[in-house]
Amino acid sequence: TQLLEQSPQFLSIQEGENLTVYCNSSSVFSSLQWYRQEPGEGPVLLVTVVTGGEVKKLKRLTFQFGDARKDSSLHITAAQTGDTGLYLCAGSNSGGSNYKLTFGKGTLLTVNP
Amino acid sequence: EAGVAQSPRYKIIEKRQSVAFWCNPISGHATLYWYQQILGQGPKLLIQFQNNGVVDDSQLPKDRFSAERLKGVDSTLKIQPAKLEDSAVYLCASSPRPNQPQHFGDGTRLSIL
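In the order they appear, the protein sequences are chains A and B. Counting from 1, one number per residue, gives the positions in the first sequence under the numbering used here. Counting from 1, one number per residue, gives the positions in the second sequence under the numbering used here.
One chain only, chain B, in its complex shape (with noise of 0.2 Å):
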């Protein structure tokens, strides 16, 4: 099966910019989730989805961050503005229903300038 995909692999932006992440998750997972990796540091959570509905969002900095899934398949991360500290590799994971394992994309990696 085809795995979870994520683009673009990699953006380079200056502090300030918006810019969005896109991930398609594998087909038939309900449950989509997006993480932070700071270099040196393991996967946060970001926000869980449960079809097209969020179901944790409580670390999210919702003051400049944002996160879709319209239709319950793929989704959008997005951050605006963005800081020094956003720096890092965000990874979009897939899992059939939420107490499944979970399935890594290959991540954006981000800097910001």
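If we strip away everything but chain A, and leave its shape as in the complex, we get (with noise of 0.2 Å):
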């Protein structure tokens, strides 16, 4: 069984903190997703990073994917009280109609104004 543990599991800052969550797996994944979930709603894809070493940016967020691809990170600019939520990383493995995502716990963000 694939685990992807997250820390921290809760962070609370202020607005304007720099901030970073991490991904940490044993295990090798094809790829890995980013996820962001608000409270009462499902969760909406951020990023995936396939690529060993890859890294993303949107706006604020940068994302960076593993060398061995075992781990990721997320990391946020200047964090604004819109950034708050639960923060899922998702590992996948290329299994043709097989493909499964194996989530991580999440990292429960909260930015106070």
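Watch out, some of these pointers could steer you wrong.
[Claimed, not checked] Subject to a maximum C-alpha distance of 30 Å in a straight line, what follows is the list of computed DSSO-like cross-link-like pairs (lysine-lysine):
(1) A/Lys56 - B/Lys44
(2) A/Lys56 - A/Lys105
(3) A/Lys105 - B/Lys15
(4) B/Lys44 - B/Lys71
(5) B/Lys71 - A/Lys100
(6) B/Lys44 - A/Lys70
(7) A/Lys70 - A/Lys100
(8) A/Lys105 - B/Lys71
(9) B/Lys44 - A/Lys100
(10) A/Lys100 - B/Lys78
(11) B/Lys44 - A/Lys57
(12) B/Lys62 - B/Lys11
(13) A/Lys59 - A/Lys105
(14) B/Lys15 - B/Lys78
(15) A/Lys100 - B/Lys62
(16) B/Lys78 - A/Lys105
(17) A/Lys105 - A/Lys57
(18) B/Lys78 - B/Lys62
(19) A/Lys105 - B/Lys11
(20) B/Lys11 - A/Lys70
(21) A/Lys100 - B/Lys83
(22) B/Lys15 - B/Lys83
(23) A/Lys105 - B/Lys83
(24) B/Lys11 - B/Lys71
(25) B/Lys44 - B/Lys11
(26) B/Lys11 - A/Lys100
[Stated by the list, open to error] Here's a subset of chain A near chain B, in silico, CB distances under 7 Å, partners left out:
(27) Glu41
(28) Gly42
(29) Leu45
If you are wondering where the hints come from, they were derived from the structure by calculation, not from laboratory data. In this text, all values refer to a predicted model and were calculated from it rather than measured experimentally. From the three backbone atoms N, C-alpha and C, an ideal C-beta is built for every residue, glycine too.
With the hints as a guide, bring both chains together as one complex.
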């Protein structure tokens, strides 16, 4: 069973601060996805990283996939209250029609005004 | 495009009762997923359909859970009889093909008394 460990589990910061959350595994994934989930809603895909060492930027969010494709990080610059939510990472392994996502438990981020 | 539709949004039942959830995926999406998200955890895949066939139901508790997607479009997930540990949010997701990004509905929050 492939497991994804996310840290920290909870994070509360002030608006304007920077933060990094982590997603680690002992298994290799063919790709890794980051989602944000707000209360009462389903997860929304932010980014997919595929290549080891890949860095992707989405406005103030920077995503990195580890060289060995076992870990990833999400860095947020100058956090805003709208960034509040549950950040989930999910790893996948290509398996033809049996493509499966394994989710971590998430990091619950609260950005205070 | 319209998103993934789920109903009901909330359901409260007593243990040992039965309950059913409905999902209408995005039009044209051949792959449909049901996930269980227990409070404080990430989504866990219960079952994956490709059109009207089951691809993966390895984590579905088949003694009490069942799911169908008879015409390859809408899907229903049923629990009979419900147990206290089934309290969770049940998320439906769809994608055009198995290795394409998944789009999630807002889920059904189930509470077992």
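Hint consistency between B/Lys15 and B/Lys83 [alpha-carbon to alpha-carbon, up to 30 Å]: Measuring from Cα to Cα gives roughly 5 Å; hence the hint holds.
Given hint A/Lys105 paired with A/Lys56 - CA-CA distance at most 30 Å: Measuring from Cα to Cα gives roughly 22 Å; hence the hint holds.
Restraint status (C-alpha distance of A/Lys56 to B/Lys44 at most 30 Å): Cα-Cα ~26 Å, so holds.
Pair hint outcome, B/Lys44 versus B/Lys11 [Cα-Cα no greater than 30 Å]: 20 Å, holds
Hint consistency between B/Lys71 and A/Lys100 [alpha-carbon to alpha-carbon, up to 30 Å]: 23 Å, holds
Restraint status (C-alpha distance of B/Lys11 to A/Lys100 at most 30 Å): This hinted pair holds, its Cα atoms lying about 28 Å apart.
Pair hint outcome, A/Lys100 versus B/Lys78 [Cα-Cα no greater than 30 Å]: 22 Å, holds
Straight-line alpha-carbon gap A/Lys105 to B/Lys15, limit 30 Å: 26 Å, holds
30 Å Cα cutoff - pair A/Lys100, B/Lys62: 19 Å, holds
Supplied contact hint for A/Leu45, tested at 7 Å Cβ to chain B: 5 Å, holds
Proposed proximity, A/Lys100 with B/Lys44 (alpha carbon, max 30 Å): Satisfied, since the Cα-Cα distance of roughly 10 Å is no more than 30 Å.
Holds or violated: A/Lys105 to B/Lys71, with C-alpha atoms at most 30 Å apart: 33 Å, violated
Violated hints for the displayed structure, listed by number in ascending order: 8 and 20.
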